[in-house]
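Colleague: Sequence:
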Amino acid sequence: MRIFKRIFIAWFLAALMIAVLGTSCGVNEPVREENSYSLWKEQPDEIIVFMSKADSPEGELYLLDKNGQVTRLTNNNRHENNPALSFDGKKVAFNGGDEGNQLTWEIYILDLYTGEETQLTDNYVIDAHPDWSPDGLKIVFGSFRDAQGNPSGTADIYVMNSDGSALTQLINSPWEDNDPEWSPDGTRIVFKSTRNTQQNGREEIFIVNSDGSDLKRLTTTNGWQSDHDPSWSPDSDLILFTRFEGSKVWFDTANFAEDWELLTPWNVHRVDMNGNIERLTNSNDAGWGVVLYSDDGDKILFGTIDWITNKSNRVIGGYHRLIIMDSDGSNKQQFLPDDDHTGTLEYFDW
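Under my numbering, the first residue of the sequence shown carries the number 11, and numbering increases by one thereafter.
Fair warning: there could be bad hints in the mix.
What the hints assert, rightly or not - Simulated restraints on C-beta separations:
id : residue 1 : residue 2 : range
1  : M283      : N320      : 40 to 50 Å
2  : E52       : T81       : 14 to 24 Å
3  : T178      : D247      : 24 to 34 Å
4  : T128      : G163      : 22 to 32 Å
5  : Q129      : G196      : 23 to 33 Å
6  : T230      : G196      : 20 to 30 Å
7  : N323      : Q158      : 41 to 51 Å
8  : K321      : Q158      : 50 to 60 Å
9  : Q79       : S257      : 37 to 47 Å
10 : T81       : N182      : 39 to 49 Å
To be verified - Below, a list of computed lysine to any residue pairs in the SDA-like style, where the Cα atoms sit at most 25 Å apart:
id : residue 1 : residue 2
11 : K342      : K258
12 : K148      : L113
13 : K148      : K76
14 : K342      : E126
15 : K51       : I326
16 : K100      : D132
17 : K76       : E126
18 : K100      : W234
19 : K148      : N171
20 : K226      : N182
21 : K258      : T197
22 : K226      : I318
23 : K258      : T319
24 : K76       : S66
25 : K342      : I318
26 : K342      : K321
27 : K100      : E56
28 : K258      : D224
Everything labelled a hint here was simulated from the structure, so no lab data went into it.
Cβ atoms here follow ideal geometry from the backbone N, Cα and C, with glycine treated the same way.
Kindly generate the complete structure, drawing on both the sequences and the hints.
Modeller: Written out as structure tokens, the structure is:
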């Protein structure tokens, strides 16, 4: 059983981070009590799989068990991220390749019991953000390829068998469709898209039946708002997502160190199947990446970055942290302690 799925810090900002450990700053103070893994130990899950650059500049996958022991799962010159645990917790799907050349990103599966790794895609396009069907037989992912399999400037949603066979394009549009996730009941897939705004950087949340039928838009954005990384509730009735609410396009990070306050208002929201949206955090909470429900729906887990600034209010680093809260947005607590790995973790699943 797993309580939460993928959490990750947006890659374009994670690349700018200088991990500074042991300095108190930001709105979420570091966990320092003697039993610092107590919240993690209360959960029924046995492991967390995450990506960290603590030991490698490329980024590798690691496993954290209930005792707080960290085991490195991959050891190579390849960049791995977006790990997604299968529903039975035995395998993890992820994308890997050269971090500086995303056209090399392919979909892989790692068996956590045997250590066997299987490459599922092999082409010169960006394949990323995999997720499992509940029965473990299929994988949905975003792929920057056109109908002929050549690199494309926008992503579409694809489904394949878990052995890489029977590749099928689920939906098709000239606009961006990405970040797919399968509903726990297996009937639908949620994803982000620019097909309504038709504007790069203005993503919204859509759902579609698992066979590609009955496409429906759930969220509507204004200004430079942008919705990302949707994730289902256990009963498949609600979807969590993060919304960018800054005053410029979310990926304009050329001068991030000085413009960070314009680019950091990301907040946790949820939406029901009728499009009713509720905001669960405020901008001081700095919600980043995928947000996830607990298996019973009582808790929500999300990532934060507590920024470190100098006297000129210029960003010089930040803490990557996980926050757990009640489903109404109250009672926020740091979930894992700061250490050499979890203090710099960026992408993970459990």
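Colleague: Among all the numbered hints in the text so far, which are the ones the structure does not match?
Modeller: 11, 13, 14, 15, 18, 21, 22, 26 and 28
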